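Read top to bottom, the protein sequences are chains S and F.
Residue numbers for the first sequence follow the numbering used here, so the first one is 211 and each next one is one higher.
Residue numbers for the second sequence follow the numbering used here, so the first one is 211 and each next one is one higher.
Think of the hints as simulated: they come from the structure by calculation, not from any bench.
What you are looking at is a predicted structure, and each value in this text was computed from that prediction instead of being measured.
All C-beta atoms, glycine included, are put in the ideal place defined by N, C-alpha and C.
A portion of the hints provided could be inaccurate.
[Unchecked claim] A few chain F residues that face chain S, going by a derived Cβ cut-off under 7 Å, partial list only:
| no. | residue |
| --- | --- |
| 1 | Ile-271 |
| 2 | His-276 |
| 3 | Val-277 |
| 4 | Ala-279 |
| 5 | Gln-280 |
| 6 | Leu-282 |
| 7 | Glu-286 |
| 8 | Glu-290 |
| 9 | Leu-304 |
| 10 | Glu-310 |
| 11 | Asn-316 |
| 12 | Ala-317 |
| 13 | Phe-388 |
| 14 | Asp-391 |
[Stated by the list, open to error] Some chain F residues flagged as far from chain S (calculated, every beta-carbon gap over 12 Å):
| no. | residue |
| --- | --- |
| 15 | Ala-242 |
| 16 | His-256 |
| 17 | Lys-274 |
| 18 | Cys-306 |
| 19 | Gly-318 |
| 20 | Gln-320 |
| 21 | Ala-338 |
| 22 | Thr-353 |
| 23 | Ile-390 |
| 24 | Ala-405 |
Number of protein chains: 2
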Amino acid sequence: MTLRLFSYFRSSASYRVRIALAVKGLPYEYVAVHLMKGHQKEDAHHARNPLEQIPALELEIEGKTHVVAQSLAILELLEELHPSPALLPKDLFLRCRARELAELVNAGIQPHQNLTTMGRLDALEKGAGRKSAIHYNEVGLTTFEERVKETAGLYAIGDSPSFADVCLVPQMYSARRFDIDVASRYPTLTRIDHALNELPGFAAAHPDRQPDAAA
Amino acid sequence: MTLRLFSYFRSSASYRVRIALAVKGLPYEYVAVHLMKGHQKEDAHHARNPLEQIPALELEIEGKTHVVAQSLAILELLEELHPSPALLPKDLFLRCRARELAELVNAGIQPHQNLTTMGRLDALEKGAGRKSAIHYNEVGLTTFEERVKETAGLYAIGDSPSFADVCLVPQMYSARRFDIDVASRYPTLTRIDHALNELPGFAAAHPDRQPDAAA
Chain S
211 MTLRLFSYFR SSASYRVRIA LAVKGLPYEY VAVHLMKGHQ KEDAHHARNP
261 LEQIPALELE IEGKTHVVAQ SLAILELLEE LHPSPALLPK DLFLRCRARE
311 LAELVNAGIQ PHQNLTTMGR LDALEKGAGR KSAIHYNEVG LTTFEERVKE
361 TAGLYAIGDS PSFADVCLVP QMYSARRFDI DVASRYPTLT RIDHALNELP
411 GFAAAHPDRQ PDAAA
Chain F
211 MTLRLFSYFR SSASYRVRIA LAVKGLPYEY VAVHLMKGHQ KEDAHHARNP
261 LEQIPALELE IEGKTHVVAQ SLAILELLEE LHPSPALLPK DLFLRCRARE
311 LAELVNAGIQ PHQNLTTMGR LDALEKGAGR KSAIHYNEVG LTTFEERVKE
361 TAGLYAIGDS PSFADVCLVP QMYSARRFDI DVASRYPTLT RIDHALNELP
411 GFAAAHPDRQ PDAAA
């Protein structure tokens, strides 16, 4: 069966899953769920994902159709189903570090920049949502920049892309949208991000190249 | 070498790692890092974890000493180093679901209830931090309650504890501290939480039983 990805072009969590699918060479049907119009809250999407979030991936596992959610859980599943090319190093410490950096973005930055969170803050004070999102982007990326120096090669962990990179590229895209001067503040991350964006899988997953990009 | 866990008794992310260590029967030295006094920001802790967060776990992997961070990355590492007793099901879909539920707590609730986040909100409006933490606890646990019905047995995924349970128990503890009436609102989660707390590993990890509990 065809994989179906429920995605929104600018959603950084969707972007992560698009990268993993493309790097692993898995074709999929793209189903656009318009976050700004609240389509993730409609009945059809709630039925497939009561989390009312994207990304959600519909796929067949051992003969049964499932819809799975949460980008990092999806990445782990794709790694187990399609181990090659790998997005986790073999070395146990480095595997852990790849996941740590992924979580630094997933739990440390992204929850503070999603539309709902920002909207709730704006209701308290105009502009507070954006200000807070910028704060957490800066704190998280500063830590990522410091931490990544211990393991970086061409990419975050040596010379093969990993979960850390899969999360980094969408976050750098978000940070630029918040007008954070990433090039001067995070030189190591900027170099890695640039190298990653030259890889076909990462390039194909870019928001500008998605069917709903103009929406 | 002895494992060393940098922990704070009430930190829900530390609580998760304590559960995993106890379930897997791994003894460790408990090093208290007082979050309310900002000890996680001191130089000694920054050197071991530039994320300035707890939990952090010092351990030896393939002959080398490392400090690893981010609770879910630590859980994955412990699962790889000490696969038995397992905290992930064997079935690929259920493994994904266990991780999805864990992330629902880790990325969906916890970032909104940590002390820094609440402090920033309180600076905008008195009481806003607590109000927001309660909101995200309620949204996340409502979703968890709905989602878990598909897989629940004695615990969140069938009859063996998994990452989903490791994250659920500390979250239920937090929700009660926010005076959320979990018993009436989340009957399935309450039943599972009760069953889990009767397991020796989960019981040993409870905040009240930690060396810094009185601090």
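Comparing the hints with the structure gives:
Interface hint at F/Ile-271: satisfied, since its Cβ lies 5 Å from the closest Cβ of chain S, which is below the 7 Å cut-off. Checking F/His-276 against chain S by beta carbon gives a least distance of about 5 Å; that is within 7 Å, so the hint holds. Annotation: interface hint on F/Val-277 violated; nearest CB of chain S at approximately 10 Å, more than 7 Å. Restraint check, F/Ala-279 versus chain S: the minimum CB separation of about 5 Å is within 7 Å; hint holds.
A distance limit of 7 Å between C-beta atoms decides the matter here; for F/Gln-280 the minimum to chain S is near 4 Å, and the interface restraint holds. Interface restraint check for F/Leu-282: the shortest CB-CB distance to chain S comes to about 6 Å, inside 7 Å, so the restraint holds. Against a cut-off of 7 Å between C-beta atoms, the interface hint on F/Glu-286 holds, since the closest Cβ of chain S lies about 6 Å away. The beta carbon of F/Glu-290 is positioned within 7 Å of a beta carbon in chain S (closest approach about 6 Å), and the interface hint is therefore held.
At about 10 Å, the closest approach between the beta carbon of F/Leu-304 and any beta carbon in chain S exceeds 7 Å, and the interface hint on this residue is violated. Checking F/Glu-310 against chain S by beta carbon gives a least distance of about 4 Å; that is within 7 Å, so the hint holds. Hint status for F/Asn-316 relative to chain S: holds, with the closest Cβ pair at about 5 Å, below 7 Å. At its closest, the beta carbon of F/Ala-317 sits 4 Å from a beta carbon of chain S; the interface hint therefore holds under the 7 Å criterion.
Here the hint on F/Phe-388 is broken, as its CB sits about 17 Å from the closest CB of chain S, past 7 Å. Checking F/Asp-391 against chain S by beta carbon gives a least distance of about 21 Å; that is not within 7 Å, so the hint is violated. Under the 12 Å C-beta cut-off, the non-interface status given to F/Ala-242 relative to chain S holds; the minimum distance is some 22 Å. At the 12 Å boundary, the C-beta of F/His-256 falls inside the reach of chain S, the nearest C-beta of that chain being 9 Å off.
Its beta-carbon lying about 7 Å from the closest one in chain S, F/Lys-274 breaks the requirement of being farther than 12 Å from that chain. For F/Cys-306, the non-interface assignment is contradicted: its Cβ lies about 4 Å from the closest Cβ of chain S, within the 12 Å cut-off. With a least beta-carbon separation of about 7 Å from chain S, F/Gly-318 fails to lie farther than 12 Å from that chain, contradicting its non-interface assignment. Listed as outside the interface, F/Gln-320 is inconsistent with that label: its C-beta sits roughly 7 Å from the nearest C-beta of chain S, within the 12 Å cut-off.
A beta-carbon of chain S comes within 12 Å of the beta-carbon of F/Ala-338; the shortest separation is about 6 Å. With a least CB separation of 5 Å from chain S, F/Thr-353 falls inside the 12 Å interface cut-off, contrary to its annotation. Distance check for F/Ile-390 against chain S: the nearest CB is about 18 Å away, which clears 12 Å, and the non-interface claim stands. For F/Ala-405, the condition that its CB be more than 12 Å from all CB atoms of chain S holds, with the nearest at approximately 23 Å.
Hints 3, 9, 13, 14, 16, 17, 18, 19, 20, 21, 22, counting from the list given before, are not met by this structure.
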